[in-house]
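Colleague: For reference, the chains in residue letters:
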Amino acid sequence: MTFPPLTFEIPKSQRIQLSNGLTLFVMEDHELPIVSLTAYVNTGSIYEPAEKCGLAGLTGAVMRSGGTTDYPPEKLDADLEFMASAIEASIGSDVGNVSLTTLTKNLDKTLQMFSQVMLHPAFREDRVTLAKNRTIEGLRRQNDNPKAVADRELIKTLYAGHPLGRYPTIETVRNIQREDLVAFHQRYFHPDRTILAVAGDVKTDDLVKKLEALFAGWKKSDEPLPTVAAPAAEVPPQVLFARKEINQSAIRLGHLGIIKDNPDIYAIRVMDYILGGGFTSRLTTEIRSNQGLAYSVYSRFDVGRRFIGTFIAETETKSESTAKAITLMRDIIAGMTRAPVSDQELELAKDSIVNAFIFGFVKPDAVVNQQARLEYYGYPPGFLENYRSNIAKVTKEDVLRVARKYLHPDAMVLSVVGRDTAFDKPLSTFGRVTEIKLDTAGNGALPK
Amino acid sequence: MPADSVRLKTGRSQHTREVALMTRFKQIILSVTLTLLLCGTAFGAGLAERVQEHMLTNGMKLLMVERHTSPTVSAWIRFKVGSVDERSDERGIAHLLEHMLFKGTKTLGTKDYAAEKPLLDRIETTAEALMAEKLLREKADQQKLAVLKQQLADLEAEAGKYVIKEEFAEIYAKNGGVSYNAFTSKDGTTYLISLPSNKLELWAAIESDRMKNAVLREFYTERDVVMEERRRSYDAEPSGRLWETFLATAFVAHPNGQPIIGWMSDIENLTRTKAEKFLHAYYAPNNAIIAIVGDIDPARTIALVERYFADIPPGRTVPPVAVEEPKQAGEKRVEVEGDAEPQVLIGFHKPTLPSPDDYVFDVIDMLMADGRTSRLYQKLVVEKQLATDVGAFSAPGSRYPNLYVISATPRAPHTVQEVEEAVYEEIERFKTEQVSEHDLQKILNRLEYEEFRQMSSNGGLARNLTEYEAIAGTWRYLIEHRQKVASVTPMDVVRVARTYLVRENRTVGFITTKKEVSQ
Numbered sequence: 007m008t009f010p011p012l013t014f015e016i017p018k019s020q021r022i023q024l025s026n027g028l029t030l031f032v033m034e035d036h037e038l039p040i041v042s043l044t045a046y047v048n049t050g051s052i053y054e055p056a057e058k059c060g061l062a063g064l065t066g067a068v069m070r071s072g073g074t075t076d077y078p079p080e081k082l083d084a085d086l087e088f089m090a091s092a093i094e095a096s097i098g099s100d101v102g103n104v105s106l107t108t109l110t111k112n113l114d115k116t117l118q119m120f121s122q123v124m125l126h127p128a129f130r131e132d133r134v135t136l137a138k139n140r141t142i143e144g145l146r147r148q149n150d151n152p153k154a155v156a157d158r159e160l161i162k163t164l165y166a167g168h169p170l171g172r173y174p175t176i177e178t179v180r181n182i183q184r185e186d187l188v189a190f191h192q193r194y195f196h197p198d199r200t201i202l203a204v205a206g207d208v209k210t211d212d213l214v215k216k217l218e219a220l221f222a223g224w225k226k227s228d229e230p231l232p233t234v235a236a237p238a239a240e241v242p243p244q245v246l247f248a249r250k251e252i253n254q255s256a257i258r259l260g261h262l263g264i265i266k267d268n269p270d271i272y273a274i275r276v277m278d279y280i281l282g283g284g285f286t287s288r289l290t291t292e293i294r295s296n297q298g299l300a301y302s303v304y305s306r307f308d309v310g311r312r313f314i315g316t317f318i319a320e321t322e323t324k325s326e327s328t329a330k331a332i333t334l335m336r337d338i339i340a341g342m343t344r345a346p347v348s349d350q351e352l353e354l355a356k357d358s359i360v361n362a363f364i365f366g367f368v369k370p371d372a373v374v375n376q377q378a379r380l381e382y383y384g385y386p387p388g389f390l391e392n393y394r395s396n397i398a399k400v401t402k403e404d405v406l407r408v409a410r411k412y413l414h415p416d417a418m419v420l421s422v423v424g425r426d427t428a429f430d431k432p433l434s435t436f437g438r439v440t441e442i443k444l445d446t447a448g449n450g451a452l453p454k
Numbered sequence: 010m011p012a013d014s015v016r017l018k019t020g021r022s023q024h025t026r027e028v029a030l031m032t033r034f035k036q037i038i039l040s041v042t043l044t045l046l047l048c049g050t051a052f053g054a055g056l057a058e059r060v061q062e063h064m065l066t067n068g069m070k071l072l073m074v075e076r077h078t079s080p081t082v083s084a085w086i087r088f089k090v091g092s093v094d095e096r097s098d099e100r101g102i103a104h105l106l107e108h109m110l111f112k113g114t115k116t117l118g119t120k121d122y123a124a125e126k127p128l129l130d131r132i133e134t135t136a137e138a139l140m141a142e143k144l145l146r147e148k149a150d151q152q153k154l155a156v157l158k159q160q161l162a163d164l165e166a167e168a169g170k171y172v173i174k175e176e177f178a179e180i181y182a183k184n185g186g187v188s189y190n191a192f193t194s195k196d197g198t199t200y201l202i203s204l205p206s207n208k209l210e211l212w213a214a215i216e217s218d219r220m221k222n223a224v225l226r227e228f229y230t231e232r233d234v235v236m237e238e239r240r241r242s243y244d245a246e247p248s249g250r251l252w253e254t255f256l257a258t259a260f261v262a263h264p265n266g267q268p269i270i271g272w273m274s275d276i277e278n279l280t281r282t283k284a285e286k287f288l289h290a291y292y293a294p295n296n297a298i299i300a301i302v303g304d305i306d307p308a309r310t311i312a313l314v315e316r317y318f319a320d321i322p323p324g325r326t327v328p329p330v331a332v333e334e335p336k337q338a339g340e341k342r343v344e345v346e347g348d349a350e351p352q353v354l355i356g357f358h359k360p361t362l363p364s365p366d367d368y369v370f371d372v373i374d375m376l377m378a379d380g381r382t383s384r385l386y387q388k389l390v391v392e393k394q395l396a397t398d399v400g401a402f403s404a405p406g407s408r409y410p411n412l413y414v415i416s417a418t419p420r421a422p423h424t425v426q427e428v429e430e431a432v433y434e435e436i437e438r439f440k441t442e443q444v445s446e447h448d449l450q451k452i453l454n455r456l457e458y459e460e461f462r463q464m465s466s467n468g469g470l471a472r473n474l475t476e477y478e479a480i481a482g483t484w485r486y487l488i489e490h491r492q493k494v495a496s497v498t499p500m501d502v503v504r505v506a507r508t509y510l511v512r513e514n515r516t517v518g519f520i521t522t523k524k525e526v527s528q
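For the record, the sequence lines run as chains X and C.
Read in order, the letters of the first sequence are residues 7 to 454 in our numbering.
Read in order, the letters of the second sequence are residues 10 to 528 in our numbering.
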């Protein structure tokens with residue numbers, strides 16, 4: 007079967023700098039009368055004090071739920087929902103996002119409310135309390151899902167002592183007061199640290215005028231962002247275990263990975279695909295398809311952007327095949343470091359990554375957000391343009407070299423949640439076990 | 010990745026489920042149900058002109074929308090057969106078959122089908138003998154069991170030599186396919202993929218081969234995979250366990266109450282023979298709806314689909330489910346003890362489309378728990394702070410009468426009972442206070458926005474077209490929906506609330522935290 011050629015140029019959005027320093031990416035698209043906008047603000051939970059862990063997340067939530075100086079929360083909610091517009095805000099580990107969606111006919115009013123949320127959130131006291139109460143209830147429930155427990159305990163260990171390894175507790179949330187949210191917002195929300203990505207039914211000139219007017223008085227930052235030390239380079243291999251009365255174990259294996267500026271990123275992407283990426287990966291083929299031991303099994307290098315990222319392999323299997331699945335996963339990971347991959351594996355991985363590349367650009371809002379993120383995280387110019395050719399250059403030797411350099415099958419942290427009395431072999435087979443007691447008071451997990 | 014193939018509306022509970030998905034990417038689709046989608050997916054005049062229809066002589070329906078936003082295309086195939094169409098000894102077969110249809114054909118996934126086939130037949134005979142012996146339970150002959158198990162393992166190893174692993178997936182992946190997936194619901198089974206648009210012929214070749222020549226190889230290993238899926242989504246997942254227990258309690262007769270994935274012992278007794286019977290009866294063009302959305306030329310697409318699918322003979326029409334759920338005679342309550350914090354589900358039996366009352370539920374639904382201004386959110390989450398999250402949706406399917414479900418997450422120290430009482434107070438308001446014109450307008454404004462939003466993704470559009478064509482008999486339902494909702498009056502809401510949202514029609518399911526088990 008032959009296919010007609012497909013030409014694909016990466017769609018380009020327009021990049022514009024506003025007079026207050028705010029960066030704007032716009033892509034006009036008039037197919038449908040709707041507009042979407044997302045702000046990327048340079049902040050994150052990495053900047054919150056340990057004793058107030060949860061502050062960044064609460065600031066993001068209450069920026070929206072707590073109303074603004076002009077719009078009390080009730081009016082903000084009612085007006086937005088009546089127009090079928092939405093504004094949402096959140097702050098994650100290394101970015102704050104405030105987004106907007108609206109019908110074109112309601113853009114002006116929604117945009118005005120959006121600027122209010124960005125510049126003048128009121129953080130009304132009762133809404134701060136409400137958000138804290140909901141967060142605390144979430145913490146009380148953080149051990150309900152065994153997969154989430156296994157994930158969390160692994161991350162806490164890989165980033166021990168670093169903000170990325172910190173999780174809120176009921177106590178740290180109780181420490182947070184309204185003035186902390188106000189101060190956090192004031193410190194980090196500035197136009198020179200903000201990128202806006204806009205797509206849809208807008209006229210660029212018109213939008214720029216509106217944004218200039220709405221964000222006219224917004225002051226640039228007058229202090230640098232705090233420096234956050236890098237995570238510890240070495241994480242000793244260890245076995246973490248949390249007991250739950252369930253018939254299937256959640257298994258996570260991992261170690262620290264790479265950061266985005268690493269020139270081996272392309273070879274690692276190809277290796278990743280072969281080891282644990284697609285439905286044809288080695289992990290899925292052996293553990294799921296050949297042995298029927300799991301429904302879901304995969305691995306991935308999560309490339310770090312500000313700090314080193316992780317390599318994590320994960321699965322769930324019935325209690326009775328827990329050790330068997332762990333052993334297989336370790337062997338399959340180690341296998342990548344022992345011999346080159348086959349020509350067929352290499353070609354499949356490269357073809358798949360290269361040919362599926364266009365799916366990152368199927369919607370105008372995906373295009374502008376992609377470009378905003380690349381700039382936000384400081385990817386080098388040409389990263390996207392050269393991505394496919396960089397993947398195509400990867401050889402079997404490259405894959406073996408990066409497997410040996412970046413995979414550490416003998417130095418992984420193993421995190422298991424399940425019913426140990428039913429395991430096929432004790433977890434101590436894999437190293438000294440640290441048992442984690444799941445604290446039902448929601449104070450996080452503490453070693454017994 | 011395929012997360013965008015099925016969307017949750019904002020603020021919705023995630024309790025409704027479709028099971029299955031072959032790929033790891035999205036193992037369970039937590040989906041809003043049809044009624045919610047109806048709320049969200051009425052399209053304007055734009056869609057009416059843009060959908061092109063074509064019917065093949067074998068009964069297969071093709072729906073197309075031409076969109077040149079990117080050089081990509083999404084293709085969805087929906088079979089109008091789902092888990093409600095299973096007999097009691099077939100529970101789980103629609104879903105297991107969905108997995109099996111990824112295992113290849115007489116030419117794909119095998120090195121030599123002629124040599125492989127006799128081995129597959131011997132595997133089946135051996136597996137059936139093993140299952141029959143196991144069903145004797147304590148009277149089973151242990152030695153015979155051991156022999157049969159060994160024989161089965163040997164035969165599977167022998168047959169495995171002919172297998173080319175995941176050849177469908179490999180071909181699609183090599184050609185840039187993404188979102189290669191499938192899911193099974195109460196109502197139907199769907200196979201989906203997105204491809205660069207120059208590869209559409211590859212899709213036609215693979216999917217027509219799958220429809221004509223599927224071979225259910227590696228059946229008993231895949232059955233083990235499904236058991237792991239069951240443990241992952243239901244046994245070891247408190248909210249999943251509550252969901253299936255709640256449904257099985259609400260329905261005593263209708264298969265809507267049975268789990269899509271099957272109970273564990275159902276799965277343990279499924280055979281390739283049963284799966285093939287189901288396959289050959291129903292997986293035929295007259296039960297199939299195809300939607301192709303994206304960078305296509307409709308005339309050439311029709312020619313392509315004709316070329317690959319026209320020679321497939323029609324199969325049986327799926328017979329209607331005869332059993333009707335008897336009228337509920339009083340409140341039903343069910344408790345699930347678990348290593349988890351409390352959650353509660355409250356369900357009321359209701360009719361499904363095309364009943365006019367179904368539209369009234371769309372109105373109730375959007376006022377009840379959709380968004381920050383909704384009544385339950387305002388009352389339970391903001392004012393009284395009895396709960397941290399609330400949701401409302403119709404479930405578990407839409408071909409047969411279903412449930413209106415309200416879900417809530419209590420906030421300690423508040424109890425399930427306190428949450429229930431507050432929910433019932435809000436329900437009573439629907440029976441006594443008329444809904445305002447402002448509220449009705451808010452709903453229509455929301456529907457207007459959703460009409461356009463849903464058109465912004467090839468996959469989302471393909472999903473909606475196949476779903477409504479299958480459930481409502483025509484995709485045009487999407488267009489008519491907003492007009493129908495607009496005709497709902499405040500008195501309709503009062504009448505429907507008084508008719509259905511009553512105690513004796515109610516099922517309540519909740520999780521009670523089990524005290525820590527001592528070692």
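Hint data in this document are derived by calculation from the structure and do not stem from the laboratory.
Here the structure is a predicted model, which is why all the values come from computation and not from measurement.
Take these hints with a grain of salt, some might be off.
List time: in silico DMTMM-like cross-link candidates among lysine to aspartate or glutamate, alpha-carbon distance up to 20 angstroms [unchecked claim]:
id, chain 1, residue 1, chain 2, residue 2
1, C, 170, X, 353
2, X, 58, X, 114
3, C, 393, X, 132
4, X, 216, X, 114
5, C, 174, X, 132
6, C, 174, X, 353
7, X, 18, X, 292
8, X, 226, X, 114
Here are some of the chain X residues that sit facing chain C, going by a computed Cβ distance under 10 angstroms [unchecked claim]:
id, residue
9, 87
10, 144
11, 440
12, 444
Think of the CB as a built atom: it goes at the ideal place given N, C-alpha and C, for glycine as much as any other residue.
Colleague: Taking the hints in turn, state whether each one holds.
Modeller: The hints, checked one at a time:
1. C:170 <-> X:353: Violated - the C-alpha atoms of residue 353 (chain X) and residue 170 (chain C) are around 23 angstroms apart, more than 20 angstroms.
2. X:58 <-> X:114: violated (37 angstroms)
3. C:393 <-> X:132: holds (12 angstroms)
4. X:216 <-> X:114: holds (8 angstroms)
5. C:174 <-> X:132: violated (58 angstroms)
6. C:174 <-> X:353: holds (16 angstroms)
7. X:18 <-> X:292: violated (42 angstroms)
8. X:226 <-> X:114: Distance of about 24 angstroms is beyond 20 angstroms: violated.
9. 87: Hint on residue 87 (chain X): holds, closest Cβ of chain C at ~5 angstroms, below 10 angstroms.
10. 144: holds (7 angstroms)
11. 440: With a closest approach of 16 angstroms, the residue 440 (chain X) hint is violated.
12. 444: holds (9 angstroms)
Checked against the numbered hints given earlier, the structure breaks hints 1, 2, 5, 7, 8, 11 and satisfies all the rest.
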